[in-house]
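Undergrad: In case you want the letters, here they are:
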Amino acid sequence: MNLLLEPLGYAFFLRALAASALVATVCAIVGTYVVLRGIAFLGDAIAHAAFPGVVVAYMLSIPFYIGAAVAAVGTALAIGYVTKRGELRQDTAIGVLFAGAFAFGVFLFSTIQGYVADLFSFLFGNVLAISPANLVGLLLLGAGVIVVVAVLWKELLYATFDPLGAAASGIPVERLEYLFLALVALTIVVSLQAVGIILVVAMLITPAATAQMLTVRFTRLMLSAALIGMVTAIAGLYLSYWLDVASGATIVLVQTFAFACALAYRRLAHLWRPAPLAEAEGEA
Amino acid sequence: MEPGPPAPPHDHPHARRLPVAEAHRHEHEAVLDPAHAHAHADVWLSDVSAGYGQRVALEHVSIAVEPGSLLAVVGPNGAGKSTLLKLMAGLADPWTGRIEVLGQPPGREARRVAYVPQAELVDWAFPVVVEDVVAMGRFPRLGPVRRVGPDDRRAVADALAQVGMARHLRTQIGRLSGGQRRRVFLARALAAEPDLFLLDEPVTGIDATTQELLMDLLEQQAERGKTVVATTHDLACAAQRFQQVLAINRTVVAYGPSNLVLDASVLARAYGGHLLILDGRTVVLDDAHHHDDAAPGEHHFHEQSGGRG
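Protein chains in written order, with numbering that gives the first Met the number 0: chain A, 0 to 283; chain B, 0 to 308.
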């Protein structure tokens, strides 16, 4: 018990705990749509595209998340626009834009002298170093994302499941698409400090993918993804504290482990009790 | 169920049934009074051309569909059937020409329209159960924030009862057979209580019982004054169960009562080399399980397992 309570005596650990729980929840909620749309690669791309924004914010001494938000949302909308125009396949557009944006970030960063350690924390995250001011900014941003999803979850669900049927019945599918890309971008910004650019895609995808193994209903999927995300983030943070290892990587490893368990559980459940076949037709 | 006699032609003072022998691209405009047809139509297209990128899908299409019509759109693969439906649904814009749906440009009266896509366009592994899908039919009228309420639940239950799927409320859609899947999507359309149904291949690849049931329901809707436009590969179904048929092959080949349009000479023009006529009996050599090419940006789901349809 003391093992659990002892770190709570440190303000930095409490901040990290709050940040991790927030990040995991926001990621799982938005990640549910990302997984169902099959656009994990897009999440990875937007994370990399945030990097030049982070570097510029660093150079201008403004909060990192403001620069990251501008760069990430800008890139996300650009990808949406290029794809919409149909001139390039989406994965091609993403590949070009994200590598270019990330290279620009590295280029800018290399002009700064002697901050290699910080580069490492941008790439892999360091939630234990989060400042009170940044925590407040991220809480507001994260809460904003959750509120938007809470207001529009039905419309986003319909547009994800059947974009044609939704658009034909008056759901503004195209505007929702851009809004959704912006939400993904902001979610990534909220997560950067916790897990970093390289690993953020795991926070986005893994809890939702884990929950997908356990339920066939959308709302339950989203809620269990949020729960799984939060529990694994807190467990990962404690583990990293006890073992004195990188927090972001530990959280991602715990989530990956949870996914493997869910996968194994589903395989076993299928062996134990084969899925019932669809019942006979024509009962009308 | 015995195939009933062909539905009697809709009698309307300004009947605009074209003699089929003369059925031709523009001729029906000369036969019907265009202003009258326009004023009374639920769906009205005037000299519409459309396509994707450089590819032409439809050229010079002019039709007027009256309220209460039960219209089958037939034609070979690539004839532009799905494109026509998408234009009506406001999902695609015409290159040229004018379209009005329920008296407005397409999309303006969207909440009064229910569109059901081809089964290939649906991700059947999606984590939704039957009642979730049908409830989506209620989402547009609910708007943001508002949750599915008792009225909506009643509408969902009623729609599912009509299609005979009330027992499958909590079944994940991928576990359903092909016929059951079509029933669920028709239930979603019914739950939306629309004035116009736009159905892309509603009876393709399903069992005879389901086909009869779906057609009975659509007939009921038409009798209540709702308009139904459905694409189909099934000419027997078009002949027996639809009042009217629009035969297209990039352009209008014939449009009128089903018993007149589904004539060997018209079909020969609509289907070209895909048609074989033996002893006066028409045989259409068209792969009914194949569909038009995917439009750009569309993803077609072809699954290996689950569902038996």
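Watch out, some of these pointers could steer you wrong.
Footprint (simulated), chain B over chain A, 3 or more residues, beta carbon under 8 Å [what the hints assert, rightly or not]:
(1) 216-227
(2) 234-246
Label-pair ranges, simulated between beta-carbon atoms [stated by the list, open to error]:
(3) A:Ala77 x B:Thr95: 30 to 38 Å
(4) A:Leu139 x B:Arg223: 45 to 53 Å
(5) B:Arg145 x A:Trp241: 42 to 50 Å
(6) B:Ser264 x A:Ala268: 53 to 61 Å
(7) B:Ser48 x A:Leu76: 30 to 38 Å
(8) A:Tyr9 x B:Arg146: 54 to 62 Å
(9) B:Asp206 x A:Arg84: 52 to 60 Å
(10) B:Arg140 x A:Leu4: 46 to 54 Å
(11) A:Glu173 x B:Glu222: 33 to 41 Å
(12) B:Arg145 x A:Thr214: 22 to 30 Å
A few chain A residues facing chain B, derived, Cβ under 7 Å [as the list claims (entries may be wrong)]:
(13) Val148
(14) Leu151
(15) Lys153
(16) Tyr157
(17) Tyr264
Think of the hints as simulated: they come from the structure by calculation, not from any bench. Positions of the beta carbon are idealized from the N, C-alpha and C atoms, including for glycine.
Undergrad: Against each hint, give a clear statement of whether it holds in the structure.
TA: Verification of the hints:
1. Look at the stretch 216-227 of chain A against chain B: 3 of its residues bring a Cβ nearer than 8 Å to a Cβ of that chain, three or more, so the hint holds.
2. A count of 0 residues in the stretch 234-246 of chain A with a Cβ less than 8 Å from any Cβ of chain B is obtained; the coverage claim is therefore unmet, three being the minimum.
3. Under the hint 30 to 38 Å, the C-beta atoms of Ala77 of chain A and Thr95 of chain B, about 31 Å apart, fit the expected range.
4. For Leu139 of chain A and Arg223 of chain B, the hinted distance range of 45 to 53 Å is satisfied, since their beta carbons lie about 52 Å from each other.
5. Distance hint for Arg145 of chain B and Trp241 of chain A: a CB-CB separation of about 47 Å, consistent with the stated range 42 to 50 Å.
6. Distance hint check: the CB atoms of Ser264 of chain B and Ala268 of chain A are about 60 Å apart, consistent with the given range 53 to 61 Å.
7. A hinted range of 30 to 38 Å for the beta carbons of Ser48 of chain B and Leu76 of chain A is consistent with their spacing of about 32 Å.
8. Judged by the Cβ atoms, the range 54 to 62 Å given for Tyr9 of chain A and Arg146 of chain B is violated: they are separated by roughly 42 Å.
9. Taking 52 to 60 Å as the suggested C-beta distance range, the pair Asp206 of chain B and Arg84 of chain A does not conform, at roughly 42 Å.
10. Range check, Arg140 of chain B to Leu4 of chain A: Cβ separation about 52 Å, and the 46 to 54 Å hint holds.
11. Between Glu173 of chain A and Glu222 of chain B the beta carbons are some 36 Å apart, a value that agrees with the proposed interval 33 to 41 Å.
12. The supplied range of 22 to 30 Å is met by Arg145 of chain B and Thr214 of chain A, whose beta-carbon atoms lie about 24 Å from each other.
13. Below 7 Å, beta-carbon pairs count as interface contacts, and Val148 of chain A has none with chain B, the closest being about 11 Å; its hint is therefore violated.
14. Residue-level restraint check for Leu151 of chain A holds (minimum Cβ-Cβ distance to chain B is 5 Å; threshold 7 Å).
15. The interface hint given for Lys153 of chain A is met, as the beta carbon of that residue sits about 5 Å from the closest beta carbon of chain B, less than 7 Å.
16. The restraint placing Tyr157 of chain A at the interface with chain B holds, with a minimum CB-CB distance near 5 Å, inside the 7 Å limit.
17. A hinted interface residue such as Tyr264 of chain A counts as satisfied when its beta carbon comes closer than 7 Å to some beta carbon of chain B; here the least separation is about 16 Å, so the hint is violated.
Comparing the model with each numbered hint stated earlier shows that hints 2, 8, 9, 13 and 17 do not hold.
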